[in-house]
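Engineer: Chain by chain, the residues:
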Amino acid sequence: MAQTQVSERELTMSRAMVEAVAHEMRENEEVFLMGEDVADYGGIFSSTDGLREEFGYDRVMDVPIAETSYIGAGVGAAQAGMRPIVELMFVDFFGVAMDQIYNNMAKNTYMSGGSVSVPMVLTTAVGGTYNDAAQHSQTLYGTFAHLPGMKVVVPSTAYDAKGLMHNAIRDDDPVVYMFHKRLMGLGWMPAPDGPKTGVPEEEYTIPFGVADVKREGADATVVTLGLHVHRALEAAEALAEDGIDAEVIDLRTLTPLDTETVLESVRKTGRLVVVDEDYRSYGVTGEIVATAAEDALADLEAVRRLALPDVPIPYSRPLENEVLPGADDIAAAVRDVQ
Amino acid sequence: MYEDMVTARYYEERLQEEYLEGKQPAFDISAGPIPGELHLAAGHEASGAGVCIHLRDDDTVTAPHRPHHVAIAKGVDLKRMTAEIFGRETGLGKGKGGHMHLFDPDVNFACSGIIAQGCPPAVGAALAAKKRNTDSVAVAFLGEGAIDQGGFLESLNFASVHDLPVVFVVEDNDWAISMPKERITDVEDGSRRAEGFDMHGARVDHDDACDVYEAAEEAVGRARDGNGPTLLEVQVHRRMGHFMGDAEGYRPDADVERHQARDSIERLAADLRGDGVDEADLEAIRSDAETRVDEAIEWAKEQPEPDPEAAHEDAFTNPPNGVTEEEPAIAAGDGGGDD
Ligand SMILES: Cc1ncc(C[n+]2csc(CCOP(=O)(O)OP(=O)(O)O)c2C)c(N)n1
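So the sequence lines, in the order shown, correspond to chains S and L.
Heads up: the first sequence begins at 1 in our numbering, then just goes up one per residue.
Heads up: the second sequence begins at 339 in our numbering, then just goes up one per residue.
Simulated from the structure, these hints should not be mistaken for lab results.
One or more hints might be untrue.
[Claimed, not checked] Just the calculated beta-carbon pair ranges, DEER-fashion: (1) L:Glu643 to S:Asp242: 30 to 36 Å; (2) S:Asn321 to L:Asp591: 39 to 45 Å; (3) S:Tyr204 to L:Glu595: 45 to 51 Å; (4) L:Ala466 to S:Glu237: 55 to 61 Å; (5) S:Glu53 to L:Asp444: 34 to 40 Å; (6) S:Pro309 to L:Gly370: 25 to 31 Å; (7) S:Met82 to L:Gly370: 43 to 49 Å; (8) S:Pro148 to L:Glu533: 41 to 47 Å; (9) S:Gly326 to L:Asp524: 46 to 52 Å; (10) L:Asp524 to S:Glu53: 24 to 30 Å; (11) S:Ala293 to L:Pro443: 43 to 49 Å.
[As the list claims (entries may be wrong)] With the Cβ distance kept under 8 Å, some of the chain S side facing chain L (calculated, not the full set): (12) Tyr41; (13) Glu53; (14) Ala66; (15) Phe93; (16) Tyr130; (17) Ala133; (18) His136; (19) Met189; (20) Asp193; (21) Val311; (22) Asn321.
Beta carbons are placed, not taken as given, at the ideal position from N, Cα and C, and that holds for glycine.
Isolated chain S, as found in the complex (with noise of 0.2 Å):
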C-alpha cells in the first residue's frame, strides 16, 4: 500500500541515500564504502556526497579503476564480516568485473552450504534519457535480477531510496542496488517531478519483497520500477482525464518480487501492461506477464508489454526517444488494454 510520507523535509533521491549510509557508518565501525571518484567527487552521480569529510579517505575509498580487484575486494572483506558498500560506477561497466559479481559474490553462501556470509552492498547508476549511448545507458534490471543469489533493488523515491538502503546495509545477503541517474535530483539532470519526497530524519527500513502501489485504480495495472514509476503516473494523470483509471505498481525490488501485490491489482483490473527500460527479451517484463498467467490467468483480459526493443541504446536523440518508452507510449498501451 502506498506509503504515508510524515515528514515535511523534502530530500532529493541522492540525499536520501546518502543519509542512510553516513547513518550506518556512524553505528556500525565495520561498514566502509569504495569505488571511482567516490572520494573528492563525491560519487559523478553525487550518491557519495560528502562521506569523505565526515568519514576520511579510509572509510570512502577512491580505488584504482579495476572493478575486479575492488569489487572482488568487497566480496573478500564481507566474506570477513565486515558491511562494504561497493560502487560500479556505471551499470555498463559489469562486464569487466562480472566474475566478481557472479562467481563470487553471488555464488558463495550457496557453494559454501550457507557457511559463508557475503553482506555488501553494490551500488551501481543506470538508466539513459540523456543521449550517452549503448555503453552508457544502460539499466539491465532483469541481467542482475535473472543471475540468483543477490537481491536487487531499485528505487524510485527519496523515501524509498532511503529505507531500502538502511535495509540493504543491513541484510546479511549481497544487494545490488540500482539507482536512476535521472530520479537522483543532480543539477545537470533534471529530475521528474515525483522522485523528491518526505523523508523522515530518523532511520527507518523498507522490507525488500513487498511493492508500493503508488497510485490506485480500477481499470488496469501499470506494473514498472524506477524511473518508469514516474513516466506511468504521468500517463495515468493523463489517462484520468479520458476517465481511464490506471493503478500503478512501483515494484521496489526485483528479488525478492512481490508477486502479490502484482496479482492481487491484476485480478481486480484484468488488464495488465508491464513497463521496463530494459531489454525486452528474456527480462522483467516477460517474468512479471509469466507471472501473472500462472497465477491468475482466469483474470487477465489483456497483457502489453512495453520495454527496450532489442537493441542498443542509440545516440542520437530522435533515435534514443523511439527505443525508450515514454509516458506516451505508456497511455497508448493502457488504452489499447481496455
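Chain S is already provided as a structure; the job is to place chain L with the ligand on it using the hints.
Structural biologist: Below, chain L with the ligand alone, put in the same frame as chain S:
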C-alpha cells in the same frame, strides 16, 4: 604533426561552443545540439599526432573515451565524425554511436568508452596482421587511469608472449576524473610495467611532440619489423575538466595553472620557428585547419537527423528474419554471411 595538433585543438574549441549551446545558463547534460557526455582532449594533442604520423591507413588504432585528437591524427573522416557527434544520419555510425564510439573502417579506427577495453581488440588486429604476414601494426591508446585494468594487463601479456606488432600508448594526464595519479598507482613511470611482461617500455616525460615522434618511430618500427610490442607512456595535460560540465572542485588551482601553462602546441610552434619556419607558414597551416574544421561542422549541422525507425536496424550484419520490420528477409542469393 603541427597541422594535426592545431586541427584537433580548434576542432574541440568549436565542439565546446556547440556543446554549450542550449546548456546555458543552467547546465543540463541532455539539452542542446550535442547531448550526452563530451570528453575533450585539449592538452593531449602531442601524443595523438606524434604517434599516428607513423601509421598508415591499414594500421589499426583503438581509442578510448577521449578520442578526437587521435581520430584526427589517424585520418578519420572529419565530416562524418562530426556528423556522428551531432547524431546525424550521415555520421560514421549513422548517429548510433556518438563521440565515444567512433568507427571508421576505412582507416581502421575504433573506440570504446569502457576503460582499457580497446586494448584486447588492438592485440587482435596485431594478431591478424601477424597471421596474414602483413607488416601492418596496431596501436591502443589509453589513459594512465586505465593501466590497472585487467584488459590492459592481460593484453600486455598476450602481445608479449606472441611477439605481436602492437604499441600501447598511455596518455598520462595525472588525473582519472577526480582521482590523482598517486591515488591509483604507486609506480610513477607507467612504462615500467612493461618489464613485468618482458617487453619494451619507454616514457616521454613531457608532451614535446618531437620527442613523442622519436619514441613512437622506434616503437612502431619495432612492431612493423616483427620485433614485438612496446608500452609507450606520454606525459600529457588535461587542460579542462574530465568531461564538459565537470566543475573540477577536486583540482587544486595551481595544478590547473601549471597544466594551462605548458602547451605542446605552443612548444612545437616555437621549435618550428627556431628551425626557421616562417610565421606565415604556421599561420597558413592554422587557417587551413580552421577552414577544414568550420566546413566539417557546418556540413554536419546541415545533415538530417536519423529516421527514428532506423533505431531498429544494424544490431546485426545479417539480421535474422523478423528482426526489422522493413527488411524481414534477406533476398535469396544476397549473401547469407557464409560466402
Ligand atoms: C570499466 C570502466 N570503469 C569506469 C569507467 C568510467 N570512467 C570513464 S573515464 C574514467 C577515467 C579515465 O582516466 P584515464 O584513463 O586517466 O583517462 P583520462 O580521462 O584522464 O583521459 C573513468 C573512471 C569506464 N568508462 N569504464
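Engineer: With reference to the structure, classify each hint as holding or not holding.
Structural biologist: Evaluation of the provided hints:
Checked against the given bound of 30 to 36 Å, the beta carbons of L:Glu643 and S:Asp242, roughly 32 Å apart, stay inside it. At about 41 Å, the CB distance of S:Asn321 to L:Asp591 agrees with the hint of 39 to 45 Å. For the pair S:Tyr204 and L:Glu595, the supplied restraint of 45 to 51 Å holds, since their beta-carbon distance comes to about 48 Å. A beta carbon spacing of about 56 Å between L:Ala466 and S:Glu237 agrees with the range 55 to 61 Å that was offered as a hint.
Between S:Glu53 and L:Asp444 the beta carbon distance is about 51 Å. The supplied range of 34 to 40 Å is therefore violated. Here the CB-CB span from S:Pro309 to L:Gly370 is close to 27 Å, well matched to the stated 25 to 31 Å. One distance hint, 43 to 49 Å for the beta-carbon pair S:Met82 and L:Gly370, holds here, with the actual separation near 44 Å. Take S:Pro148 and L:Glu533: their Cβ atoms lie about 43 Å apart, and the range 41 to 47 Å holds.
Between S:Gly326 and L:Asp524 the Cβ separation comes to about 49 Å, which falls inside the hinted range of 46 to 52 Å. At roughly 26 Å, the beta carbons of L:Asp524 and S:Glu53 sit within the given window of 24 to 30 Å. Judged by the Cβ atoms, the range 43 to 49 Å given for S:Ala293 and L:Pro443 holds: they are separated by roughly 46 Å. The closest approach between the C-beta of S:Tyr41 and any C-beta of chain L is roughly 4 Å, which is under the 8 Å cut-off, so the hint is satisfied.
With 8 Å as the threshold, the beta carbon of S:Glu53 stays out of range of chain L, its nearest partner Cβ sitting at about 12 Å, so the hint is violated. Interface restraint check for S:Ala66: the shortest CB-CB distance to chain L comes to about 4 Å, inside 8 Å, so the restraint holds. A hinted interface residue such as S:Phe93 counts as satisfied when its beta carbon comes closer than 8 Å to some beta carbon of chain L; here the least separation is about 6 Å, so the hint holds. Among the interface hints, the one on S:Tyr130 holds; its C-beta lies about 4 Å from the nearest C-beta in chain L, closer than the 8 Å criterion.
Hint status for S:Ala133: holds, given a least beta-carbon distance of 4 Å to chain L, under 8 Å. With a cut of 8 Å, the hint placing S:His136 at the interface with chain L holds, because the nearest CB-to-CB distance is about 6 Å. Restraint check, S:Met189 versus chain L: the minimum CB separation of about 6 Å is within 8 Å; hint holds. Interface hint at S:Asp193: violated, since its Cβ lies 16 Å from the closest Cβ of chain L, which is beyond the 8 Å cut-off.
Hint status for S:Val311 relative to chain L: holds, with the closest Cβ pair at about 5 Å, below 8 Å. About 7 Å separates the beta-carbon of S:Asn321 from the nearest beta-carbon of chain L, less than 8 Å, and the hint is met.
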